[in-house]
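For reference, the chains in residue letters:
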Amino acid sequence: MDFKRFGFITLIIIVLFSVVVMVGQAKQPPLLIITSMLATTIAVATPLTLGALSGVFCERAGVVNIGIEGMMLSAAFFGWLGGIYMFQIYDMEAGISIALGVIFAILTGGLMALLHAVLSITFKVDQIIGGTVINILAVGLTGFLNRQLFFGKGSVFGGSVPSSPGVLPTIHIPIKELFSSVCGASTACLENVQAINRVFDQKPIALGAILLVFFSHYVLFNTRWGLRTRAVGEHPQAADTVGINVVKMRYANVIIGGMFAGLAGAYFTIESVPSFEPLLTNGRGFISLAAMIFGNWTPIGAWAAALVFGASQAMLINMQIFRDVIPPQWSFLQESYIVGLTPYILTMFILTGIIGKTTPPAADGVPYEK
Amino acid sequence: MQVEKQSVSLTKQILRSISEAGLIPLLAIVTAVVVGGIIIIIVGGNPIQAYAGLVEGSLGSTKALSETAVWSTPYIFAGLAVALAFKGGLFNIGAEGQLAVGAVFSALIGYALPEWLGFALPAIVHMPLAILVGMLMGGIWAGIVGWLKAYTGGHEVINTIMMNYIALNTTSFLLNGVMKDPSPTNVIARTPLIAKSARMPAIFDGLRVHWGFILALLAAFLIWWLLNKTTLGFEIRTVGLNPDAAQYAGINVKRTIILTMVLSGMLAGLAGSIEVTGLNYRHELGFSIGYGYDAIAIALLGKSHPLGIVLASFLFAIMRNGASRMQFLTQLPVDLISMLQALILLFVAADAIVRYIYRIKSKGERVVLTRGWGG
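The listed protein sequences correspond, in order, to chains A and B.
Per our numbering, residue 41 is the first one in the first sequence, and the count goes up by one each step.
Per our numbering, residue 442 is the first one in the second sequence, and the count goes up by one each step.
Accuracy of the hints is not assured; some may be wrong.
[Said to hold, decoys possible] Each computed BS3-like pair below joins lysine-lysine, with the alpha-carbon atoms no more than 27 Å apart:
1. A:K397 <-> B:K695
2. B:K453 <-> A:K164
3. B:K453 <-> B:K695
4. A:K67 <-> A:K216
5. A:K164 <-> B:K504
6. A:K288 <-> A:K397
7. B:K670 <-> A:K410
8. A:K216 <-> A:K243
These aren't lab readings, by the way, just hints derived from the structure by calculation.
These numbers come from a predicted model, not from an experiment.
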């Protein structure tokens, strides 16, 4: 992570936050706006972070993965569906059904990744086409099953979408309780602490994603596994000569990457909202890829880039809250379609490489031929 | 005598090369139909009834045939768009956005130009103008991505997808705002109807198939001619096969990349323009969704050859057009078609799987698209 890139990320986040604070201060105190923006940023950056980690593992091992979008979409569907089956058909408790749903989502991501691995590593299909196949297959499969299982002839659910077991609970980190003695009787102090506490009160996948960023960084750069992964992505022939099984390492990393994408899918239908709609991933798999590229194929860099996209989405959400106090000269901020362009334009801007050149792994996208 | 013999062997050669080129896609379709049938059985349907419904609904009557031609028209244009980009070594996932942009601008010229000018235009000027503007805007939309690819290295796969979302958001903004049909009963995000002078006539009375279908076939021929008989086509193919060699041979690679994207976008824009001027007479939000991926599947199925694309477009049109009859007969959801198409694409893209199943030896060139991310 070089200085230029880090500076750019900080700058964009500050700009996005300032806009919201300037507009919203008529309605809420700045601290509250900033903390709620931060909380939203971390939450909505979760699937992007996990998607980017998915890309990092695949591409560090030398396999380009543009199928992250499809892996997320299918995982979101099958995780949600698994939860419903456990809850409604097998009468399990809501909590267990939700947990099993997350596991289903991760496994679905892994399975889709296995397909990508078979296509790109064993059959040496062009990896961009392989990824596109995954994306189209995911759209077709989830669209068909969503309609057939719930509204089809002889559906077990009798023609309607049953209620899902719900969403993952928020984990409360007791900052407020810790500081309540420090604040004493001052209510202003307590309110501030409570506002700050909101940033850390996140749901399990959001918190887990942050831990996974650092864990992935450690694995990739400080373990034998990581060294081997990077070796097969940079120079598979050399890796093969020293006895590393290139095919095995690539398969393993692509499947691990798919599981990350699967967890990202679980975020949509098990952590964020308890429902599924066709095409719900809405391009976030591709934005993850841009985050991965901007983060120069490193977990921490990709996370920082994902936070930029998260911030731009948080701005969109907050602009809807402050809709009625937007000053007339800034009326374009009311148009969610126009503000909604930010992440897409940002992605294209980042890909131009103006903010510093990035270097992909040398053997990225090249099938290994002995 | 000698000449006749030669010509016979030439015809034989051509036939053989066609059957070789078509063998893998054909087997891929067969495999997908079989796998699709198994899925239908699993979900409790009758595959024979389902497939019969597809064929009956799309080829069973004159009207059904006309509708199949109507369906195939945008597929041919969009498929050609993706295929042309493939030939130039570029992956255009943005046909959907380019199509939407083309459709919006054609609709705008179609309904608003007479108002702006203050007088009615004759059809001979108005209709071609509406199509032309849509086509050009589609070209510009894709050209931006081509320029970014040529001068900054920004990868066209991600950029075309981002442009899709930008197109979708912007058209939503326009169709819900300044371009919304002002008639009091309208609640849908759509433009007003275009003027009569901007509409393309139908070929036969009482059937919906319009001259756009003929234009699509003409476009397929023109693209074949462009790619195989012109210098520009040669340059596009050379850059697609090996940009370094093309550079060394004195071809302006940057210019060719931009031109390829512009031409590709123009074809996709045409798909939208023709739908507006020939069929719907307006642009409605959401109409473009799905065409981008269908176009990729068609281009791959047609092996990026114009004739193959026309045939693949017919197949996709048959499936889409027959879907409602299939649903009526078997109560299977229309979405089954999307899955069938995904399976066909899977087996075409991974022709190694098909070769493995049917024990066919591999030969010939491969498409190479994965060339790193630039940046």
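Going through the hints against the structure:
no., hint, result
1, A:K397 <-> B:K695, "holds, 19 Å"
2, B:K453 <-> A:K164, "violated, 33 Å"
3, B:K453 <-> B:K695, "violated, 40 Å"
4, A:K67 <-> A:K216, "holds, 24 Å"
5, A:K164 <-> B:K504, "violated, 44 Å"
6, A:K288 <-> A:K397, "violated, 31 Å"
7, B:K670 <-> A:K410, "violated, 39 Å"
8, A:K216 <-> A:K243, "holds, 17 Å"
Hint compliance for this structure: hints 2, 3, 5, 6, 7 are broken, all remaining hints hold.
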